[in-house]
Every structure is written in structure tokens, then in C-alpha cells.
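Number of protein chains: 2
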Amino acid sequence: MPQQLSEPPVALLRQVMAKKRIDAFIVPRADEHQGEYVPPSAQRLAWLTGFTGSAGMAVVMKDKAAIFVDGRYTLQVETEVDHGLFDTLHLIEHPPVRWLAETLPAGARLGYDPWLHTPDQVDGLRQACLTAGAVLVAVGRNLVDLVWKDRPAPPVTPVVPQPDAFAGQRTESKRGMIARELSGKQTDAVFLSAPDSIAWLLNIRGNDVDFSPLPLCFALAHCDASVDLFIDPRKISPETKTHLGPQVRLHPPQDLAAALGGLGGKKIRLDPAGAPSWALQRLTAARAQIERAADPCLLPRACKNTVELDGARNAHLRDGLALSRFLAWLSHAAPQGGVTELSATEKLESFRRDGNLYQGPSFATIAGAGPNGAIVHYRSTPETNRPLKRGQIFLIDSGGQYLDGTTDVTRTVAVGEAGAEERHRFTLVLKGHIAVAKARFPKGTSGAQIDSLARQPLWAEGLDYDHGTGHGVGSYLSVHEGPQRIAKNNNSQPLLPGMMLSDEPGYYKTGAYGIRIENLVVVQEDPRAGERPTLGFEVLTLAPIDLSLIDRSLLNDDEAGWLNAYHRRVRESLTPMMDPATAEWLEQSTRAI
Amino acid sequence: MPQQLSEPPVALLRQVMAKKRIDAFIVPRADEHQGEYVPPSAQRLAWLTGFTGSAGMAVVMKDKAAIFVDGRYTLQVETEVDHGLFDTLHLIEHPPVRWLAETLPAGARLGYDPWLHTPDQVDGLRQACLTAGAVLVAVGRNLVDLVWKDRPAPPVTPVVPQPDAFAGQRTESKRGMIARELSGKQTDAVFLSAPDSIAWLLNIRGNDVDFSPLPLCFALAHCDASVDLFIDPRKISPETKTHLGPQVRLHPPQDLAAALGGLGGKKIRLDPAGAPSWALQRLTAARAQIERAADPCLLPRACKNTVELDGARNAHLRDGLALSRFLAWLSHAAPQGGVTELSATEKLESFRRDGNLYQGPSFATIAGAGPNGAIVHYRSTPETNRPLKRGQIFLIDSGGQYLDGTTDVTRTVAVGEAGAEERHRFTLVLKGHIAVAKARFPKGTSGAQIDSLARQPLWAEGLDYDHGTGHGVGSYLSVHEGPQRIAKNNNSQPLLPGMMLSDEPGYYKTGAYGIRIENLVVVQEDPRAGERPTLGFEVLTLAPIDLSLIDRSLLNDDEAGWLNAYHRRVRESLTPMMDPATAEWLEQSTRAI
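Chains as they are written, first to last, in this note's numbering: chain B, 1 to 593; chain Y, 594 to 1186.
These aren't lab readings, by the way, just hints derived from the structure by calculation.
Where hints are given, some of them may not hold.
To be verified - Footprint (simulated), chain Y over chain B, 3 or more residues, beta carbon under 8 Å: (1) 147 to 161; (2) 292 to 306; (3) 436 to 444.
Unchecked claim - Below, in silico cross-link-like pairs of lysine to any residue (SDA-like), each with a Cα-Cα straight-line distance of 25 Å or less: (4) B/K488 to Y/P1087; (5) Y/K1036 to B/K266; (6) B/K443 to Y/A1080; (7) Y/K778 to B/A101; (8) B/K185 to Y/L684; (9) B/K438 to Y/T696; (10) Y/K859 to B/G107; (11) B/K185 to Y/K1102; (12) B/K438 to Y/K778; (13) Y/K1081 to B/H90; (14) B/K19 to B/T52; (15) Y/K1102 to Y/T1175; (16) B/K509 to Y/I883; (17) B/K174 to B/A153; (18) Y/K778 to B/H90; (19) B/K185 to Y/I685; (20) Y/K1031 to B/P497.
All C-beta atoms, glycine included, are put in the ideal place defined by N, C-alpha and C.
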């Protein structure tokens, strides 16, 4: 008897689209909070298409469907998505709004879920519909949810206070700061939908998504420093309720619509690049005055206070110890054979677990041996898992969530002896890494302005890498955090004291190997004399950089001086915490060159 | 008998404002063409306020008035403008739209001349009025013109053909290129208001404004490669009419309104950052379909063809000879005393006049001795004219218009022996200059991405300069030309082969001295091997850089190698054209270090 075939999700979606007279429906990867990680209950794109990457979008029409992914995922989308059902397009080079403008027939009704798109994104959709002569329709309930039978329940994990000893500023003080910012613009309240902003503002942490300690929720922060928090009451323990205090009023999420509906006549700020369009539509219908402006928590959250910075330094001591113990183990174990990407990942995780305050990885470890190292966002699986082989190089990019800080570090090491080409490329990447780490720049400089410093040694040889040089990092929050970046995009956000960033240039040779050298750094005032106030970076990460991959003749004396001083600091910081064998390995691995 | 005081212009303007029920009126420095230079007939801002700088804006209200200028002009505005009549504000830090939003009373009528503002600018004014609850009113005739009694007549200068031997591409071919670009977007025509675009497209030149060989005019370029040119018929000789041919239809400027009015139902492109808002309003009223997009001449005009590049190289030979003869003369004359900024300027001009194809300066020479060198956009006058003194340094930034190319070059030289600080700063500036000149970068890189290469040596010492590193340059057209730039702004225009730019980092010590080293360069494919296609710069300018201002110990060998190779090229290129004494001076001035 032939097996009964169940209908593919896209067919189910088309049935409900026909019923609702929707000619095209958009399914983004994002959830209502526009964060990097979404809970299983919101993984609609994966349910519909099979695609599990961290960014993407699908559009389903009656007789065609398309999935849009970026350059990181062009290989992955091939294996995960049925290409009989979906055309694949490039998210950046041929974005959905352009495709819609070209593809929608005149008069077509384009449906979207206003919870899953920001006002800026909806502006783009509206423009596409204008061009095509189509009609944009906000659906009342997401069409995927109507046909997704075994959809998981939303996460309900406990919310815990983040102690002042780690947060460094009481929530009352933070709320007062935001209230002053709002009052200064005669704004009554700001609508917050980013869980990391709310977690920062209220000094709380949760566990609703992978890797980032976030409680999924919404909030209205008022100009009197009080907050309405919309969150599943099952997440809030009595202890957390006490921590939040009387100025934070708790509401179940379903009360949000009524709360926004009651803001008629008030001036409400909303981030057009982050909030759900639903909230804008709701506030507009209620005749609130809308202030389209950035989430006011972004900048104070990005500029870490001294307690957070001390926490970061402490977390990096423990993290550096774990990584150095791992590298010492690896230097002995790997050349003997039997170490794989997955076993190395587990070994490193076990060293991290030995450290205090460790909560888990801050993202899925990227451990790429040989050719797998060239896949920038590689994630090892039992099917792809490669052994570490002598003569190859191994890239491992990992990080930890500690109660006192978030880490993110990449080291690339030779297994046995590396070839001349790998050493040449590694040294070029290191020169770029050092150029950023040593950079001194005037106040007002953006990360975009210093991105090329990291690329110049590669550019000079006709080489480059296709990712940003650095991303912002949270304080026991998301490992990717805005608004600051070091990248060649048009981000004009100046770098400000206290901002944490990664410094991670790389080089990738498809089918052969990958190189990346990543430390976290923090922006600091530069104390040296000069005519202009200048800034620079303090390096937080403490772990040796593989000397066997460096061609000393390519470094100038300044660069070698930086490396030797860094290695001395690594050695002096970590040795007191080490057993003698590891200390001996570290001494050798951090010798001056 | 007391002298009869005539009423100040601002009082006259207020009278007509009252009559027309306009509560605030905007007077920009720009004319209808948004170019850098405006003819006397359009110098309304100067007439109204006395301010003669190249950028600025005034707003006049019944009981207050403000003038907005940028950082270059903060000193100049002090001396030129009556501060009893005008408050001075910073054009960038406190822009007019913000001031209007803060200052306009609710219900006020803000008047503007739609000929003098672009659609993007009018969007900003509209937003300001929305915020203030004011009403934006496009006036039918500029209120200044109604009361400006002795307003000069608009310029009427002959338009001449730019021969194919210099233009390198026939106008038929250029018009065909633009027509294909329009047809590809189903666009019927583009409205052109930038005289340099029209001059490029039709291979014509004029003389309606200072320094740039521009004919002031408007045009409609159609998708059938024909052009309607709106220009004073007195400017067009029979020869030029023949050159333009039958596909270019000539109309007097007053026919433009009717021509745009007849475009109902057509799709018309218009540059929202360059066209007069008047044209947009006229086309909208005529029910044309508007395509808001950049002037299609910008990119082909920016990417010089091989004939234009050969012309540029030839022009730079003659220009380099003139500048080198001048520098040789200066090295003898200045230390003896008696040379001033103005006499030096005239001397350099006389050497340029000796060269073939020379038409005049490409901008007002900046010649700053000692402390005057620190004024970035200084223009010497009999009142400010300083003698060149021993022990000081002298900055001279000048350029020529030649039929085969436009030049722009800055040299800073020591008069006698320079101090250690000046040599230190000069060498840092030179390091930045060389870093740009030597840069190799992947295709797709923007000027914004390489700007920091020029600044890094200064940044490392806590120093910087407050202007861009490089601007685009035309081919016997404007000395400042877009869309490419090397600057820290968010300009994402990739650098493309054939684009001409300046490379001109500097350092300025207020009240003491100024340093700038400027060559023109052209983007070229880099022929060296590599994994990615890369670009670099060919240096066009040929003139020695003062060795007596260089601290050799601060240059690395790569930098010294670049300088020596550059100087060898200068020497080998110019010596055959020189008299023996100048050749001897050049040999000494370009010796290897």
C-alpha cells in the first residue's frame, strides 16, 4: 500500500490564502521582536520552507513561491529547501520588495502579518505595491498559524533579576534616564518591543530563546519613569515582582492592544526600524501622536558602565582560561588524530563549564576544520563533522554567557605544521586585526570609518573577506547588539566610550580553509596628548594567537610590539589560574617574537 | 545736512513680505541650477546679507532674521554681515529646517522660491512646517527680485562646441547612451537642470559663471536620443547650432513651463537632489508620472573616457610645468622678501598663461602665508595680503581650466628653513597623502571607505583636519564634481575606473600655519594578481613636493619609495620642457631621499 503523503505546508498555506482572497503572502524569518533568535513557536519560515538560517523571507503566490536568503546561506538553502516549490533569490541583491514590484500582477492582494514587519519594512512593501498596482493587506491573524497544526506553544521561562552587582545601575535610575530623554522631547511614552532593551531597562533576564538570556515581552516606558510590562504572568516569580517594584505594572500580553488603544492624544515614540507595524497602526488608529525615533535604550545599553566593564574583564579572565586550557589540550591531542569539530566543541564547552557564573554558549559554536573553516557561518553536524588533520588549520569561533558578561572569541590554529600560504594569509589577517586594536581616532568617528584599517593588508594583495569587521556585544545579553558596528556599511553611529565590539577580520579560501582572529574590545578615551580628544580600544579577550601561523617578516616592529605586549598580558593574567603544565604551554605560546 | 540713509535690503524685503502676507522667507545661496558658482544676477543672499561665501542660507521674518553658514565661513560671516540684523547659525549643526521647526509660530506662512530649492529640500521645509504648524507657500516670483532695484541681468555668453578631440565621445553617442538608460526603465525623458550635465551631454561649453565653463540652461533628454534645450538664443552661434544638429531642438527658457506642461501621461525622470522643485510641481500639475532618480549623466560624466584621460595627462604636463616654474622662482624670490600672497598668485597665473589651451583658473587661488594658511578656504585680498616671510610656510592651492582638462593642485613650501613642528606635521600629512595614492582596494569600495587611510597618521598623534580628503573633478568642467568623493560622509558611491579625484589631506594650526598636499588622481584597474578584481590610483599631477619639509625618519621604506618614484616621474616628464636653470632646480627638488 502506498504511503499516504501529507500535503506540504506551502499547499496548506495556498488553501487558506485562496479562502482569504490573498494572492501573495509574505513569511519573514523574524518574530514580533525582530531579534536574531526566535522561539520554535515563531519559526514559521522553517515550517513553511525547511530553511533554518537566521535571516530570510519567503513569498508564496498561487502558482509560484520564492525564498530570499543572503550570501551566508546560499549553500544551506540548497539542501534544506525543495526547489520544485521555491525559487531562491538573494536577499540583498534582489530583495523581496523589488521582486514583489516586478512580480505582483496589477490588482493583486499582498498579505502580510503586521506583527512581523517593522514600519520601515511596511513602507517598502507599500512602495512595491504602488509600483505593481497591487493592494497591501494586513491580515488579522497570520495565515501560517491558521494551518500550522503542531505549532509549539510560545516559551514560558522564568524571568530573574539581574543583580545590581552585575548591572551597575539600578532600574529606577535607568528608567529615570529614559524618562528625562522622553520629557526633553515632550514625549509621553516609548513603546518597546526589543526584549534586550526591556531586559536592560528593568535589569531582568530570561530564557525564552537560544543563546541570549531574553524574556520575550513588550513594554511602555513612560515619562514619569514608570513602565507597563506586557508579559506572560507565569514568567514572573514573586521575587522578580518585588525586584521590579510598584513602578513597573504587570499586564498579560493580550492587554497590549487595549493599552495602546488608550493612548489617544499622547505623544508616543516608536522605533520604525524595530517595532511591529501592528503597534504603529494601533497607535495611529487611537489618534496618538507618533514620534518615529530610535529606541532610547539603544545607546545607554551600548555604552557599558564601569561595573559592567569590570564584569566583562572578569568574565574574560575565566573565558580566556577556558579557551587557553582548550588550546593547550588541542595542541597535544589534535596532531595525534581522533579530534573532530564536534568533539573539540564539546571539549571547549566543558572547560567553560568549569568557570564560575557560566550560563551557556552565547551562540552556536563555529568549529571548522580544513575546508569547513571557509564556511563563514558554519555549524558542524554529525553529517559534516570533520576530523582535525595534521597540516590543516582549524577555526573555532565560540562564546559564553556569564552572569557578569558575554564573550565571543575566534582562534585559528595549525594542526601540526601549517603551509606557507596559510601563514601568509594568517599574518595579513593579524595585521588587520592589530590595526583596529591599535587604532586611535577622534571622537565622532564611526565604525564604518575604521573598517578599512582591518582590510588594507588583505586589499594590498588583492584579497578581502565578505563580512563585517566587528559587531557590538551586550553585557550578559545578545552577543550581537547595536547600534555600533565596524563594517563597510553606511552606519554613521560614532563610537562612544564603553561600547563593546568584536575585532574579527578573516580570510576564507573556499574548499580549502578559513582564518579569523577575533577579540572583543571596548572603546576607551585615549589618554595620550594631542589637539583633539581621541578614543581607542582596550582589548578584553585573553587567549594566545597561534605563533606558528605568523610570518614574522611580514610584521613591522609596531605590529610585533603590539602582539608581544598582548601576549605578555595574556600570560600574566592567566598563569596564576593555571596548572603547571598548561602554564608551561602558555609561556611557550606567548613568547615574544 | 545729514546723509540720507537708504533702507537696508532686509527692510525692503520685509515690506514686500508684509504685502504678500509672508511671515518668513528663505533666501538660499543657490540658483536654479544648484551649482557651486552663481552669476551676479542670482546672488540674492549676498545682496540681502552681504555674505559672499559659496554656501549658506538666510531666513527673514518680521522681527528676526538668521543666516546659516558652515564652519568654513564662521570668520567671514562676522565681517560681512550686520549682526544687528542677522543671527548667525551653523548650517550643518543647527540647520535651517531645524531652526524653522523651532522658530515658526503656528499658522505662520513660510515662503520659498520653488526655483531655488530641490524637491528633497522642499520635503525638509514641509516637515519643518508640519512640526511648527506653519504653512509652506511657494511664491510665484522671488520676493528678493521684486525689491532688488539694480539687479544685474542674467549672463549671456557664447556657447561653443567642445571638440570630439577633447570630449572623446560624440554627443550623438552620449545621447544614445542616456536614451538606452531611460528606455530600460520605460522612462520617456529626463529633466536636466545641471549645466555641467548638459554641457557634458551635448559637448558644449559656456562662460556664464566664474571658473567653470558652463552655459546656464535646462534640457529635456528624451528616450529617442533627441534633446529639447532651453537656453537664451543669443548664446547660440550658427556654428554651435550646426554642432548640436537637428536632434537638439532649441527653445528660449520661457518656453520651459509650457514644455513641461505638455508631458501629461509621460514618465519623466527628475533628480530630487538637484532639480528645482518648480519642475516637479509643474510636472505633477501636468499629470506626468515622476521617476525620482539621480541625473543619468552623473556616472558617465564622472567616468572619463580614454580621450579625456589623455587630455588630462597632457593638461597636467603643462600645469605641472607652470607650477614647477613658479616653485623654482619662489624658492629664489621668497627668501629675499617682497613676495606676497597676491603677487605669488599673479606670478603662478602668468606661468599658467604661457601654456597651450589654458582658459583661466578653475577656482579662486588659495594662497596663505603663515597664519593665513590655516584658513581652509582663504582668499587673499589687499586687506589680508601677507608677505611670505623666512621661517614660515606658504600654502598655495590653485588650478587651471584647459580645453583638454581641469587641474587642481596644492603645494606647501618652506620659505627659507621650516621649524621642526611644521616638518613633523607636513610629514604626517604626506604619509596620509601617500596612503591614498598607493591604495589598492576591491571593486565596489567607496571613497568613504578609504578616507581614514589619509587621516590615520594624524589620528595616531591626536590630530585631524576638518575637510574631505578628496572631491571629484570634471574634464574641462567643474573642479568639484560628483558623485564620487573621498570623505567621512555616508557616500556609498563605489569608485569606478576613470573617475578623477583629488587626494588632499591637510593640517591646520589656527593663527600659525596650514599644510595641504594635493594631487589629482584617476581610478584605474590594478593589474596585479589577486583573488579579487582591484582598483588603484594613477597620479595625474606633476610637481615636486617640498623635500625640506619632510622628516625622512618618519617615513617607512614603502612611503619613501613612493615619493622617490613620483619625483623621478615628475623630473622625467617635465625636464624636457624646461630651461636649464629650472631643470637644475627640479633635479635638486626631486632627488631621491
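A quick look at each hint next to the structure:
no., hint, verdict
1, 147 to 161, "violated (count 0)"
2, 292 to 306, "violated (count 0)"
3, 436 to 444, "holds (count 4)"
4, B/K488 to Y/P1087, "holds (12 Å)"
5, Y/K1036 to B/K266, "violated (50 Å)"
6, B/K443 to Y/A1080, "holds (16 Å)"
7, Y/K778 to B/A101, "holds (13 Å)"
8, B/K185 to Y/L684, "holds (22 Å)"
9, B/K438 to Y/T696, "violated (46 Å)"
10, Y/K859 to B/G107, "holds (22 Å)"
11, B/K185 to Y/K1102, "violated (39 Å)"
12, B/K438 to Y/K778, "violated (48 Å)"
13, Y/K1081 to B/H90, "violated (29 Å)"
14, B/K19 to B/T52, "violated (28 Å)"
15, Y/K1102 to Y/T1175, "violated (32 Å)"
16, B/K509 to Y/I883, "violated (46 Å)"
17, B/K174 to B/A153, "violated (33 Å)"
18, Y/K778 to B/H90, "holds (22 Å)"
19, B/K185 to Y/I685, "holds (21 Å)"
20, Y/K1031 to B/P497, "violated (33 Å)"
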